[in-house]
Amino acid sequence: MTATAATDLPLWPASTLDHGPFALLDEEQRHRLVGPVTRVRLPTGVPAWLVTRHADVRQVLRHPGFSADLERPGFPLVRPLPPQSESGRQGAFIRMDGEEHSRLRRMLTAEFMIKNVRRIEPLIQQTVDGALADLAAAGPPADLVETFALPVPSIVICHLLGVPYADHDFFQVRSRTLLDRRTSPEVFRAHAQELRDYLHELVVARRGDTGGDDLISRLVRDRVVTGQLTVDELVGMALLLLVAGHETTANMIGLSTLLMLREPGRFAALRQSPHRAADLVEELLRYLSVVRTGLPRLALVDAEIGGQAIRAGEGVIAVLSLANRDPGVFDDPEEFDPYRQAHQHLAFGFGVHQCIGQPLARAELRIALLGLADRFPTLRAEVGPQQVSTRDTSVVFGLNSLPVTW
Amino acid sequence: MSQVGVVRVAVDRGSCCGSGNCVVAAPEVFDQDDTDGLVLLLRPDPPPEAADRVRRAVETCPAGAIHLTSTTGP
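Protein chains in written order, with the numbering used here: chain A, 6 to 411; chain B, 861 to 934.
Derived by calculation from the structure, the hints in this document are not laboratory data. Only a predicted model underlies this, so the values are computations on that prediction, with no experimental measurement involved. There could be a bad hint or two in this list.
[Said to hold, decoys possible] One-sided excerpt, in silico: chain A residues whose CB lies under 8 Å from chain B: (1) Ser90; (2) Ala115; (3) Val357.
[What the hints assert, rightly or not] Sample of chain A residues lacking proximity to chain B, with all beta carbon distances greater than 10 Å (derived): (4) Arg37; (5) Leu128; (6) Tyr203; (7) Asp218; (8) Gln359.
Every residue, glycine too, gets a C-beta built ideally from N, C-alpha and C.
Hey, can you work out the whole structure from these sequences and the hints?
As structure tokens, then:
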């Protein structure tokens with residue numbers, strides 16, 4: 006480490022409150038932070054390396070010497086988190102490394118594989134159709150986030166997991182708290198425990214009723230009963246999927262709609278060329294990159310990333326959103342270009358932790374946007390991008406609300 | 861006839877994380893195993909017209925589980 010005092014380093018995450026929901030940084034921040042690996046200070050006061058280039062981010066996230074385990078001393082936390090109890094850590098495979106991680110993840114890979122997501126597309130379509138009807142009944146005007154963008158992924162993940170959607174207020178409030186960087190360690194711990202208790206009760210109930218055709222029931226039947234998975238581990242896995250299934254896709258649908266409405270003709274073009282929706286979704290994922298603050302990792306070995314020596318014990322933040330605007334990979338990266346082939350984007354992360362739900366997220370986003378384009382050809386936003394209320398302190402960026410009319 | 865640019869494909873199921881990106885890129889070459897969701901190689905010797913899609917599968921594989929060897933022989 007250099008002798009520079011941590012307080013002299015630029016702060017990360019950098020605030021861009023004044024620049025609307027589509028700008029990641031202002032010019033000065035860009036000059037200071039984007040490019041070669043650079044040193045920053047996290048809100049917790051600790052220094053870390055900021056990695057912003059596409060190739061460098063890929064290298065960090067695929068490197069087996071970089072740990073995702075935030076319980077390790079020196080892990081670069083962007084917010085203070087409470088120490089986890091042993092049972093509180095169980096099943097949280099996104100924070101595990103190596104074999105420990107792959108043992109649990111592999112119990113889920115078949116659940117989210119492409120052909121299984123294709124099989125549930127009728128359910129997604131039906132959910133989107135229902136939410137479109139609710140939107141029509143609510144307005145005009147109506148809040149697209151509350152009536153459409155949040156319910157769609159919420160209903161789908163609840164159905165897949167076997168969690169009653171009727172309880173959505175309970176787990177949506179707590180999901181949001183866990184993702185908010187302002188949440189105090191005490192509230193974080195309390196809400197995580199309440200979610201665990203809730204899911205624990207569901208899992209235990211399934212042990213006596215093994216006929217269910219949902220993910221929790223299948224894991225109870227195939228893994229818990231057979232002794233391959235503990236109840237605590239299953240609870241932790243279900244918690245991850247429930248939280249991850251909520252805000253990520255919901256915020257992508259909300260932001261995507263605002264971006265599509267920003268220029269006339271974008272929804273009309275989608276309506277006329279529905280076969281191009283899959284490519285459009287990739288560009289939306291690249292450009293909007295809802296996990297904006299980046300993925301933290303701890304170097305366990307000495308490594309060189311983008312020409313910078315990084316020592317074992319140092320923290321790294323791999324910034325997916327900035328990598329997705331790397332001019333060396335994407336032409337005019339600050340431009341939203343629906344005709345671009347953006348499949349190299351890193352919006353779902355990279356390496357063995359890459360989002361397991363990405364086929365589901367892609368399908369939900371595509372079906373939701375096609376549904377909006379078809380059902381509401383005159384849709385328009387009632388606020389401009391500069392006036393819209395954004396979720397600035399969440400680990401997952403997005404809109405608090407999106408007033409629309411038609 | 862020249863065979864330059866013909867690719868052969870190998871996959872490593874041990875490092876696969878089941879992202880399915882290869883199936884999106886080149887469905888005629890890759891599939892996912894029904895039992896565990898991990899990569900299944902349908903065609904180790906994909907036709908030349910699939911070469912770009914196979915390269916995209918390599919590029920977007922998050923786990924580096926797909927490898928190419930180019931053959932240059934006749």
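Now for the hints, and whether the structure bears them out:
no.	hint	result
1	Ser90	violated, 28 Å
2	Ala115	holds, 4 Å
3	Val357	holds, 4 Å
4	Arg37	holds, 29 Å
5	Leu128	holds, 19 Å
6	Tyr203	holds, 27 Å
7	Asp218	holds, 16 Å
8	Gln359	violated, 4 Å
In this structure, the hints that do not hold are numbers 1, 8, in rising order.
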